[in-house]
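Asker: Basically my numbering = 1-based index in the sequence shown + 70.
Hints in this document: simulated from the structure, not taken from any laboratory.
Note that the structure is predicted; figures quoted are calculated from it, not measured.
Built from N, CA and C at the ideal position, the CB exists for glycine as well.
Heads up, a few of these hints could be off.
Subject to a maximum C-alpha distance of 16 Å in a straight line, what follows is the list of computed EDC-like cross-link-like pairs (lysine to aspartate or glutamate) [unchecked claim]: (1) LYS136 - GLU90; (2) LYS124 - GLU137; (3) LYS119 - ASP107; (4) LYS119 - GLU137; (5) LYS94 - GLU127; (6) LYS124 - ASP107; (7) LYS136 - GLU97; (8) LYS124 - GLU90.
Computed Cβ-Cβ distance ranges for the label pairs, DEER-style [stated by the list, open to error]: (9) GLU90 - MET120: 14 to 24 Å; (10) LYS73 - SER106: 24 to 34 Å; (11) ILE88 - GLU127: 20 to 30 Å.
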Amino acid sequence: MKKGFTQIIINSFLMIGIMEYLSKHEEWILTGIKISDPSVDEETLMQIKMIFHKIRENRNDFFLLKEYLFWALNEGPFL
Numbered sequence: 071m072k073k074g075f076t077q078i079i080i081n082s083f084l085m086i087g088i089m090e091y092l093s094k095h096e097e098w099i100l101t102g103i104k105i106s107d108p109s110v111d112e113e114t115l116m117q118i119k120m121i122f123h124k125i126r127e128n129r130n131d132f133f134l135l136k137e138y139l140f141w142a143l144n145e146g147p148f149l
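Could you build the full structure based on these sequences and the hints that come with them?
Answerer: This is the structure we're talking about:
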């Protein structure tokens, strides 16, 4: 069997679910978020970063990011 690399593409719905699960467990810390979709404009990226920083201060604000990502990314992939 030949060894190599495998690429996994996770859509935004699944990734947000994973992030939400981890945000509820204090032993996990969400340290960053990367949006690699070139169609996402700078204003949207700045809004995501602003909401992300709110989460770092208060985990209960995750729902703000979840709702915004569903709206802004429209189920696109996180790469």
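Asker: Now tell me, hint by hint, if it's right for this structure.
Answerer: Status of each hint after checking the structure:
This hinted pair checks out: LYS136 and GLU90 have alpha carbons roughly 8 Å apart, not beyond 16 Å. The suggested pairing of LYS124 with GLU137 holds, with an alpha-carbon distance near 14 Å, which does not exceed 16 Å. Of the pairs offered as hints, the one joining LYS119 and ASP107 holds, with about 15 Å between alpha carbons and a cut-off of 16 Å not exceeded. Of the supplied pair hints, the one linking LYS119 and GLU137 holds, its CA atoms being roughly 14 Å apart against a limit of 16 Å.
For the given pair, LYS94 sits about 14 Å from GLU127 by alpha-carbon distance, which is consistent with the 16 Å threshold. This hinted pair does not check out: LYS124 and ASP107 have alpha carbons roughly 23 Å apart, beyond 16 Å. Note on LYS136 and GLU97: the hinted pairing is violated, with a Cα-Cα distance of about 20 Å set against a maximum of 16 Å. A threshold of 16 Å between alpha carbons decides the hint, and for LYS124 with GLU90 the separation of about 14 Å falls inside it, so the pair holds.
Taken as a hint, the range 14 to 24 Å holds for the pair GLU90 and MET120, whose Cβ atoms sit roughly 19 Å apart. Restraint check, LYS73 to SER106: a C-beta distance of roughly 26 Å satisfies the suggested window 24 to 34 Å. Checked against the given bound of 20 to 30 Å, the beta carbons of ILE88 and GLU127, roughly 21 Å apart, stay inside it.
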